[in-house]
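Visitor: All chains should be built: construct the whole structure from the sequences, respecting the hints.
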Amino acid sequence: MIGFGKFWGISAASKFFVTVLILVTAISISAAILQGTQTKTLQNLWQTHERGAAKKTILLGLIRGTMGYNGMIHSLHSYFLSNNPIDLIEAHKALLELKVIISGYRSLGVTEDEENALFQLEVILGQYRKVIANIEYGGSLSGPDSLKQIIVNDQPAFKALNLLNTNLVNTRQSNVLKITQKIEGLSYSIIVSAIAISSVLIITLIGFSWFVRNRVTTPIDKLVKSFDSIDPALENDQKLPVRSEEWRDELDTLAQAGNKYLEAASTHLAERRKVEEYLVEAKEHAEAANKAKTNFLSSMSHELRTPMNAVLGFAQMMEIDPDTPLTTSQKNCIHHIMESGGHLMALIDKILIFSEVEDGTISFRLQAKNINDLINKSVEQLRSDGIEKTVEITNDISETENCSINIDEVGFNTIFQALLSNATLYNKAPIKIEVFSKILKGDTVRIFVKDNGLGIPAEKQSLVFAPFRRLGMENSSIPGTGVGLAIAKKLTKLLNGKIGFESNKDEGTTFWVEFPLLKDKDSQRLV
Amino acid sequence: MAFLPSSPSQAIELGLTPSDVYGLWTNVNSALISFSKQQNIDKQQRITALPLKTFNNKKPKDVLARVAKFRTKLIELPFSTKGRTEGLLTKELSFLLRDSQALVTPSLVFLHSGQVLVETVTVLSHNSHGKSPIGSFFIFEKFREKTPSNVYGQVDLAHRRLELILESIKAQKLEITRLQE
Numbered sequence: 000m001i002g003f004g005k006f007w008g009i010s011a012a013s014k015f016f017v018t019v020l021i022l023v024t025a026i027s028i029s030a031a032i033l034q035g036t037q038t039k040t041l042q043n044l045w046q047t048h049e050r051g052a053a054k055k056t057i058l059l060g061l062i063r064g065t066m067g068y069n070g071m072i073h074s075l076h077s078y079f080l081s082n083n084p085i086d087l088i089e090a091h092k093a094l095l096e097l098k099v100i101i102s103g104y105r106s107l108g109v110t111e112d113e114e115n116a117l118f119q120l121e122v123i124l125g126q127y128r129k130v131i132a133n134i135e136y137g138g139s140l141s142g143p144d145s146l147k148q149i150i151v152n153d154q155p156a157f158k159a160l161n162l163l164n165t166n167l168v169n170t171r172q173s174n175v176l177k178i179t180q181k182i183e184g185l186s187y188s189i190i191v192s193a194i195a196i197s198s199v200l201i202i203t204l205i206g207f208s209w210f211v212r213n214r215v216t217t218p219i220d221k222l223v224k225s226f227d228s229i230d231p232a233l234e235n236d237q238k239l240p241v242r243s244e245e246w247r248d249e250l251d252t253l254a255q256a257g258n259k260y261l262e263a264a265s266t267h268l269a270e271r272r273k274v275e276e277y278l279v280e281a282k283e284h285a286e287a288a289n290k291a292k293t294n295f296l297s298s299m300s301h302e303l304r305t306p307m308n309a310v311l312g313f314a315q316m317m318e319i320d321p322d323t324p325l326t327t328s329q330k331n332c333i334h335h336i337m338e339s340g341g342h343l344m345a346l347i348d349k350i351l352i353f354s355e356v357e358d359g360t361i362s363f364r365l366q367a368k369n370i371n372d373l374i375n376k377s378v379e380q381l382r383s384d385g386i387e388k389t390v391e392i393t394n395d396i397s398e399t400e401n402c403s404i405n406i407d408e409v410g411f412n413t414i415f416q417a418l419l420s421n422a423t424l425y426n427k428a429p430i431k432i433e434v435f436s437k438i439l440k441g442d443t444v445r446i447f448v449k450d451n452g453l454g455i456p457a458e459k460q461s462l463v464f465a466p467f468r469r470l471g472m473e474n475s476s477i478p479g480t481g482v483g484l485a486i487a488k489k490l491t492k493l494l495n496g497k498i499g500f501e502s503n504k505d506e507g508t509t510f511w512v513e514f515p516l517l518k519d520k521d522s523q524r525l526v
Numbered sequence: 000m001a002f003l004p005s006s007p008s009q010a011i012e013l014g015l016t017p018s019d020v021y022g023l024w025t026n027v028n029s030a031l032i033s034f035s036k037q038q039n040i041d042k043q044q045r046i047t048a049l050p051l052k053t054f055n056n057k058k059p060k061d062v063l064a065r066v067a068k069f070r071t072k073l074i075e076l077p078f079s080t081k082g083r084t085e086g087l088l089t090k091e092l093s094f095l096l097r098d099s100q101a102l103v104t105p106s107l108v109f110l111h112s113g114q115v116l117v118e119t120v121t122v123l124s125h126n127s128h129g130k131s132p133i134g135s136f137f138i139f140e141k142f143r144e145k146t147p148s149n150v151y152g153q154v155d156l157a158h159r160r161l162e163l164i165l166e167s168i169k170a171q172k173l174e175i176t177r178l179q180e
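Chains as they are written, first to last, in numbering that gives the first Met the number 0: chain A, 0 to 526; chain B, 0 to 180.
Keep in mind the hints are simulated off the structure, nothing from the lab.
Mixed in with the good hints there might be a few duds.
[Said to hold, decoys possible] Reference listing, derived: stretches of chain B covered by chain A, where coverage requires no fewer than 3 residues with Cβ under 8 Å from a Cβ of chain A:
#1 13-19
#2 102-113
#3 116-123
Since we're looking at a predicted model, the values are computed, not measured.
Where a beta carbon is used, it is the ideal one built from N, C-alpha and C, also for glycine.
Guide: Structure below.
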């Protein structure tokens, strides 16, 4: 069984209202056509009346003219005076014409009074006809009775003509009155039908508006509010309201579809929540492990430094003690101890720095420093390590001669040493390193370290700054720990700078670091 | 003149019927017989005895055409009224009967036929110097239910009588007073 709600569902109700509107429109058009037809009929009626009256007026004039002193009577008088038979024929002709005219008048439709008047005229014309017959067959117009033979009492004819005239005037007035009344009636019916049609239209529109508000707008509003109030993330059984079967319409179908969507979304979100919880837990585990690793490295480094200092100190004492000179073999052994210990200490220092950077315990002393001074000191330090014999370092930093940056000098040196060390170690003879600097747009200085070494394969470039990764050089004879560039990247970032590189295999690599320049107004630029 | 008719429905129909026209033509025929007697035409008996032919399916338009043909013949009389008399009510009613679609009504045929009667009677009266009574030709017998075909028969009869009269006048070389024009 179809419920009331389905009958008044949005589609069904819309069709119903559209049908009503079509019907109202059809009625309106029909009424307009009907009223147009009535108006046309009225117009025709008016024209018929007017033309009929006009024709009667003309015919009445013809009767007067044909009968009177310009027509029949005139011809008779002429005949009496001249005895010319032509005048007699003219009189007959006039009588014939009067027969025609009266017939025409009658054919236009006459009232009883008019008919009586016409009849009276015909009687008079009959009398004239008798007069003419008397003249024709009597033969003589002389004598005392001759006058009686030709006298016709015209008074009834005049009365009849006046009556016809009066009737004509009255008829025209009556027609005007009838037409006016019909026009008033038509106007009234037009107003009534317009009011009726407008009322039906207004009621239909009000009904439609009411329906739209109650059955469409308000339910949609409720649906939207319900939708807003539901959080699929909450694990409860929240659903959009759906009415009972008998009241259900398209919006309930929409709500049902929405509930299916919410159910699916809720299931999906629950699964996603589980994944997120797992990921958070995994992240926490990873961070804890990393912290433990860092702590371990830091602790171990500290713990290693102390005995290493003792080892190196005592080895140095043995080497330089004048009381116990060493044999050549012993000197070689001490030299190996010193060299290996030095490497180990350097490694421990790097790991210590890396640990400090990782756990955020490193501190900086920021100062305005001339860039070229910083570069020169780092290059000089490299030279002092005796590397100049095998490495050719060219230095073109004239562009930044008077530029300064706000930097921690130790940190900058660590970064730059890492770049220089990298350029030196991963190279091929003859080793050439170019150091140069440029001022970029946006008040930034970029310092380049270019080598002519092996280059970095494209597939490995993403791992350049990863700690403890030596990109396939782990088992080579090239010394290194794989933390230099990792430390350089982290330090650069902490010092508000940027680091990057460009490399082609077998063509060498160019590393660069960028730092913001100090501006003149801050009195930081050194002149 | 806003009331001037512009279509057949607006023209004045004078309410005359084929029966009225038929009455006119019986009088025309009577006038022709009177004329033949008056002029002592040798074919008088034959003229009087001419039979009335029967016609069918004639329309007012056909009758009017036959009337026009008769008038043309009437003018051949040496004493005809050509150029003198006006048509019956032509001046006054022509515009009322004007018809853009050439609709011929019995009323229109009546007007032309009436004029023929007047012309015929005029000839008769003139040649009797006004002695011959003419009033009877203007008194019309009441006929009923006559059709255009019946009227056509009367016109045809009058036409044939007129032809015999014309033949006789030529053969007898009658000298008849010419009507003043």
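Visitor: Determine for every hint whether it applies to the structure shown.
Guide: We went through each hint and held it up to the structure:
{"no.": "1", "hint": "13-19", "verdict": "holds (count 4)"}
{"no.": "2", "hint": "102-113", "verdict": "holds (count 4)"}
{"no.": "3", "hint": "116-123", "verdict": "holds (count 4)"}
Of the numbered hints listed earlier, not one is contradicted by the structure.
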